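Q: These are the residues of each chain, in order.
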Amino acid sequence: MTTHYLVLSALLFAIGAVGVLVRRNAIVVFMCVELMLNACNLAFVTFARQHGNLDGQIIAFFVMVVAAAEVVVGLAIIVTIFRTRRSASVDDANLLKY
Amino acid sequence: MEPAEKIIQHAGGVIGVSWLMIALPLLGAAILLLGGRRTDRWGHLLGVAMSLASFVVAVLAFVELIGLPEAQRRRGVELFQFIPGMVDMGVLIDPLSISFALLITGVGSLIHIYSIGYMSHDPARRRFFAYLNLFVAAMLLLVLADNYVGLYVGWEGVGLASYLLIGFWQQKPSAATAAQKAFIVNRVGDFGLAIGIFVIWTTFGSVAYGPVFGAAGGADQGVLTVIGLLLLLGACGKSAQVPLQSWLLDAMEGPTPVSALIHAATMVTAGVYLVVRSGAIFELAPTAQLVVTIVGVVTLLAGAIIGTAKDDIKKGLAGSTMSQIGYMMLAAGLGPAGYAFAIAHLITHGFFKANLFLGAGSIMHAMNDEVDMRKYGGLRKFLPVTFATFFIGYLAIIGFPLLSGYFTKDGIIETAMHHSAILGWLAVVGAGITGFYMSRMVFMTFFGEKRWADDAHPHESPAVMTWPLIILSVGSIFLGGYLILGNTFMQFLAPAVGRPAELPVFHFFSVPGLATLALVAVGAAFAWMKYGRAQVPVVAPRGSFLTTFARRDLYGDAINESLFMRPGQWATRFAVFFDNRGIDGLVNGLAAMIGGTSGRLRRIQTGFARSYALSILFGAAVVAGALLLVGNL
Amino acid sequence: MPWLSTLIAVPVLGAVGVALLPKGNDKLAKQLALVVSLVVLALTLVMAVQFSPRGTRFQFDETYEWIPRFGVHFGLAVDGIALVLIVLSAVLVPIVVLASWHDADGTGADAPPKRSVKTYFALLLVLEAMMIGVFAATDIFLFYVFFEAMLIPMYFMIGSYGGAQRSYAAVKFLLYSLFGGLLMLVAVIGLYVIAEKNTFMFPELIGAITDPTTQKWLFAGFFIAFAVKAPLWPFHTWLPDAAAQAPAGAAVLLVGVLDKVGTYGMLRFCLELFPDAAKFFTPLVLVLAVVGIVYGAIVAIGQTDMKRLIAYTSISHFGFIALGVFAMSQNAATGATLYMVNHGFSTGALFLIAGFLIYRRGSNYIADYGGVQKVAPILAGTFLVAGLSGLALPGLSSFVSEFMVLIGSFQTYPVPATIATAGVVLAAIYILWMYKRVANGPTTEAVAGMKDLNGREKWVIAPLIALIIALGFYPKPLLDVINPAVDKTLANVTVTEFTPAVPVADQKGAGE
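Residue numbers (my numbering), protein chains in the order written: chain W, 1 to 98; chain R, 99 to 731; chain U, 732 to 1243.
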C-alpha cells in the first residue's frame, strides 16, 4: 500500500532534481528544490505510517519549518539579484568562483 | 734507562703557589683588556711587572725544587676539578716543566722590556702587552699542567695569543690573513692532539700524566703507536714541522718581539715539549719514535733550505727556526739519550734566536721597518751594539766552538749518529747549510756597501732595547757549555724524563763534530764569496730552479692550495648549491607542487550553481549506490 | 611554594600587563617587560639554589588534574637537565629584552613598517612562559601543548618584526614545525593508547612500551619532530631562513632555546620511553649527526650573510649535541646537555653582536663590512670572543661541552667521533674568516663612522661574555647538577659500561 506513496515521492523527487539541473530561472530552480523537499516529506510521512510511529511526521514538520525559513532568505536573495542585474538566470550569477 | 720518578703531592712553599706563575700574567691581561684606554699610560709597565713577577715565582720554585732530594723532584699541586670525574686541574713542577717556565718567563720578560721601546710609537701598545701577558699565561699553563687536557687548554691558548699577535696590525690584510692561516693550520695539528687525548682516555681512563705514564707499559704497542703519531701531528702543527710548516713564515707579519718570543723562543717549541713529556709513551712505540726523527730531519733540512733563499731578514730567521726545531724534534725522537740535548738546545736556541730576532727588530727599528736584506748593507758601523749582539747570536747558531749552540747542537748530532748514521749525517749537512744562510744574513746586513733607501737614517736603538740584547748574548755565549759539559742538564732532567743507561761524554774532537765544523766553515766561506766579497744586487736575481724552489718555501703553499684549499672551495660551493637547490629545493619544490595541484583543483569551482547541483546529484547517487552494494553483500 | 607554575604565570601576567598598556607608552612597555623578565630570572635563581642535585630525580613537583577523562595532568617538575635549560631561558630573556630595545621601533635601514612595540615585548614574555613550561612539563600531553604553542609567539615575532623576507621565513618555520609536531601528536596518542595506563604522565610511561616494532614507530614519530626542531640534517633548511629574517633578539631565543627543545626531547623522551628503538636507530642518528656537523660547517663557510652563517654554525653544533645524546655514554650525554646551555650563551652572543653590527650598517652581508676593529674595538673584541666560543676555544664555555661530547662518543663510537672532531678545524675556518672579513683589513668608507657599543649594549653583552669565560674555566657547578640527572636518564637505556683497556693503577684523577 505504502509503495505507491513511495513511488510518487521518488517521482516527485526526480522531477524536482531534473528541474534544478535543467532550468535556468532561479525562481523555477527554487520551486524545484521545494518540490524535492516535499517529496522527502511525503516519504517521511509514509514511513511514519508504515512503522506506526511519529518520528517521520516530526521530521516532516522540521523540514517544513526549515523550508519556510529558506524560502524567505532565498527569495530575498533572488529578488535582490534580479533588481541589480535585471536577470534571474542562475548561470548569470557566477562571480563566486575559484 | 731508569724510569722517571713518581709524582709527589706538594703543599706549601713556593711550589704550592706556583699557579701564581700562570695567574699573574693572566690577571695582567685581564686588567689591560678590560681597563681599556684608562690603562694606556701605565699598561706596558704593568705587563712587564706581571711577567717579571712570574719570573720571580719561577726562580723561587726552581730554588725550592733543587733543594729537594733528587728522587722527590716531581711535585704535583692540585688546583680544582675542571671536569668532574675526568679532569682534575693541577700543576706539575718537575725539572722539565721548571726549565720551560724559567725560559718562558725569563726570555719573555726580556722581550716584554724590549717591546716597551719597540712598540713605543704604536697607539695600541697597551693591547700589545695584554696579548703578550695572555701568551705568557697560556704558555705556562701548557708546560705546567699535570694532565693532557690542561696542556690542550694552554696549547690552544697560545694559539689564540699567536693569532692575536700575528694579526696585531690587523688593518694590513696580509697580517690578518697570516694570523688566520696560523690558527687554522694549528687547528689541524690540534685535531691530532685532541684525538690523541681521546685515545689516551679510552685506553687508560685518565688524562693525568702520572697515572697514564705509570700504566703505559701495559698498553698494546699498536695503540701506543697511534697515540704517539697523533701527538706528533699536534706537535707538527704547533712547532711548524713538515707537513704543517707553512704558517710559520707568514707569521712573521707580526711585530718582531712577537716573532722572537712566540715564533722562535717559546711557543713553537711546545711540540718538542709534548714529545719529551710523553716520552714514556714514545719509548714504548719505536715506530712513532722513528717517525718523530724523520719529521725532525726532514724539517731541519727543509727549514735550512728555505732559509738560504730569503731576502726578508725575518723570514730567513723563521726558516732557521724551523730548522733548529727540527734538530730538537730529531733529538726528542731518540729517547732519554736525546731528551736532555733536545731541551738544552731548545733553551740555548731560545736565547740566541730571541737575540737574533730582537736584533733584526732593532735593525728594522733603525731602517723604517725595512725587512729586505738587499736594502741593508754596511750597518755594523751604525748599529754597533746590535751588530755585536747579533754576531754573537750568529756564532752561537752556526755552532762556533765553545758558544752555546756548539755544545747543544753537537750533542744532538752525536746522539743521532750513535742511533743511525743516516740521520746523523743529514743533521751534519743541515748544520753546513745553517753556516751558509746565517753567514749570508750577516754579510748582507752588516757588511758590504750600504744599499739603503735615501730616507733611511740608521741609528742605534734605545737602551731599553739594547740591554735585553746584551743579556741574551751573554746567555748565547755561556749557557750551552754550562748545561752540557759534565752532563749537568741531563742529571737535572733525569727525575722527569729518566736517564740513559750510560751517560754520554762530550768529545771536543769527534769525527762528526769536526765534519760539522768543516761543513759550517765551507758554508760560511761560500756565503762570503757570494755576499761578502761580491756586490749584492738590490733586486733579487732570478736564480736557478733550486733558488725558486727555496724561495717559494719548497712549494708548501702551492701544495696546500692545490690539495686542500681549491678542493675545499669547490666543496663549499657545491655544498651551498646543494643546500639551496638540493635540500631546500626539494622542500620548496614539494610546497610548489602542492600549491600547483591545488591551483588546478580549484578550477572545479566554476561558479555555475547548476554544475554544483549536478555534482551533488552525482555524489548522492554514488553514496546511495555504495550503500545498496554494501547492504546487499 | 609552587615554583614552576609561578615561573610560568609571572611572564604570562607580565605579557598581559604589557599588552594592556595604553598606546604610546612604548618606553614603559619595554621597562615593564625588562622588570618582569628580571623577576623571573631572580625567581629562577632562587629556585635553582634550592635544587638538590643528589636528591630525588624530579623536584618542585606540582601535579593538577586537567582532563581527567584522558588522564591528562598539568604536571610540572624539573630534574637537573630541565633545570639548567630553564635557567638558560631565564638568563637569556632579560638580555634579549634589553638587546631588542629598538628592534621593534621600525627605525634602521630596511626595517619593516612600524609595528606595535608593546606587542613585541608581550610576545617575548609569552614565549618565555612557554619555554619554561616546555622544559618543566612532566605530562607528555602538556609538553606537546607547550611544544606547539611556542610556535605562535615566534611566528609573529618573525612574521611581523623580521627582515625583508619575513613572511616567507615565518611560514616556512611554522609549517616545518607543525609537520614535525603533528607526527609527534600521532605518536603521543599512540603511546597513550598502546600503553593502556590511562595517563600521560612521563614517569609512569617509562618502560610501558615493550614491543620492539611499536617502539620503533613511536620513536620515529617523536624523533622526527625533535629532529625538525633541533634541527638535524636534512631537516634544517628552515633554520637559516628563520634566523636570518628574525630580529636578532628573536633569533637568539629561536636558536638558543627553542631549538634546544628538540635535543632535550631526544634525551628525555626518545631515549627513555623507547630504549630499544633508540639502540636500533643509533647508527642512523649518528650518521645524521656527523653529516650535520661537517655539512653545516662547510655550508657555513660558503655563506655571504652573517646571520645565515651563524645559523649554519648552529646546525653543525646541533650535530654535536645529537651525537652526544645518542652516543650512549655518560660523558657524552652530560657533555651534550652542557652543550645545550653553552651553545645558548655563545650563539646568543654571536647573534646579538651580529645584530648590533647590522643595526649600525644596515646590511646582513659580510662583504659590506671591513675594518670594524679599527673604529669599534669593543664591538669587534666581543664579536671575536663570542666567535671563539663558537669554535670551542679552550677556556671558553663551549670547549668543555664539545670536549666531553667528543671524548664520550669516542669511548663508544670512535669513527663518528673522529670525523666530528674534524669539525673543529672547519669551525676555525668559518668563524675566523667571517671575523677577518668583518673586523680586519682596512676600514671601508661605509664602516668608517660606525659607533662602538653604547652603555645598553655593553650591559647586554657583558653578562654573556662573563658567563662564557666563567663556565669555560669552572663548569663544575653546572656539571654537578647535570651529571646525576643524566645518570638517571641513562639508567633505563643500555649504556655500554666504559672500561679502559689499561686502567691506571692509581685511580686518582681518573674516577668514573
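None of these hints come from the bench; they were simulated from the model. Some hints here could point you the wrong way.
[Said to hold, decoys possible] Taking lysine-lysine pairs in the DSSO-like style, the calculated list, with each CA pair at most 30 Å apart, reads:
| no. | chain 1 | residue 1 | chain 2 | residue 2 |
| --- | --- | --- | --- | --- |
| 1 | U | K1010 | U | K1219 |
| 2 | U | K1182 | R | K270 |
| 3 | U | K1105 | R | K279 |
| 4 | R | K628 | R | K473 |
| 5 | R | K279 | R | K479 |
| 6 | U | K1207 | U | K1105 |
| 7 | U | K1167 | U | K1189 |
| 8 | R | K473 | R | K270 |
| 9 | U | K1189 | U | K1105 |
| 10 | U | K758 | R | K104 |
| 11 | R | K270 | U | K947 |
| 12 | U | K1105 | U | K1010 |
| 13 | R | K279 | U | K1167 |
| 14 | R | K548 | R | K628 |
| 15 | U | K947 | U | K1189 |
| 16 | R | K270 | U | K1010 |
| 17 | U | K1219 | R | K270 |
[Stated by the list, open to error] Simulated coverage check for chain R against chain U, where a stretch passes if three residues somewhere in it have a Cβ under 8 Å from a Cβ of chain U:
| no. | stretch |
| --- | --- |
| 18 | 171–184 |
| 19 | 715–722 |
All of these numbers come straight from a predicted model, not from anything done at the bench. Ideal Cβ placement from N, Cα and C applies to all residues, glycine included.
Q: Would you mind marking each hint as holding or not holding in the structure?
A: Verification of the supplied hints:
1. Between K1010/U and K1219/U, the direct Cα distance comes to roughly 17 Å. Compliance with the 30 Å bound is thereby established for this hinted pair.
2. A hinted pair counts as satisfied when its Cα atoms are at most 30 Å apart, and K1182/U with K270/R qualifies at roughly 21 Å.
3. Of the supplied pair hints, the one linking K1105/U and K279/R holds, its CA atoms being roughly 21 Å apart against a limit of 30 Å.
4. With a C-alpha separation of about 16 Å, the suggested pair K628/R and K473/R falls inside the 30 Å cut-off, and the hint holds.
5. As the CA atoms of K279/R and K479/R are separated by approximately 39 Å, the hinted pair breaks the 30 Å bound.
6. A distance of roughly 37 Å separates the Cα atoms of K1207/U and K1105/U; the hinted pair therefore is violated under the 30 Å criterion.
7. A hinted pair counts as satisfied when its Cα atoms are at most 30 Å apart, and K1167/U with K1189/U qualifies at roughly 22 Å.
8. Restraint check for K473/R and K270/R: satisfied, since their Cα atoms lie roughly 22 Å apart, inside the 30 Å limit.
9. For the hint linking K1189/U to K1105/U, the alpha-carbon distance of about 18 Å falls within 30 Å, and the restraint holds.
10. For the proposed pair K758/U and K104/R, the alpha carbon gap of about 66 Å is over 30 Å, so the pair is violated.
11. A C-alpha spacing of about 58 Å is found between K270/R and K947/U, which places the hinted pair above 30 Å, so the restraint is violated.
12. Note on K1105/U and K1010/U: the hinted pairing is violated, with a Cα-Cα distance of about 53 Å set against a maximum of 30 Å.
13. For the hint pairing K279/R with K1167/U, the CA-to-CA distance comes to about 11 Å; that is within 30 Å, so the pair holds.
14. A C-alpha spacing of about 16 Å is found between K548/R and K628/R, which places the hinted pair at or below 30 Å, so the restraint holds.
15. A C-alpha spacing of about 49 Å is found between K947/U and K1189/U, which places the hinted pair above 30 Å, so the restraint is violated.
16. A distance of roughly 53 Å separates the Cα atoms of K270/R and K1010/U; the hinted pair therefore is violated under the 30 Å criterion.
17. Restraint check: the Cα-Cα separation between K1219/U and K270/R comes to about 54 Å, which exceeds 30 Å; the hinted pair is violated.
18. Given a C-beta distance limit of less than 8 Å, the hint that chain U covers the stretch 171–184 of chain R holds, as 7 residues qualify and 3 suffice.
19. Check result for the stretch 715–722 of chain R against chain U: violated, 0 residues qualifying (beta carbon to beta carbon below 8 Å, three or more required).
Hint compliance for this structure: hints 5, 6, 10, 11, 12, 15, 16, 17, 19 are not met, and every other hint is.
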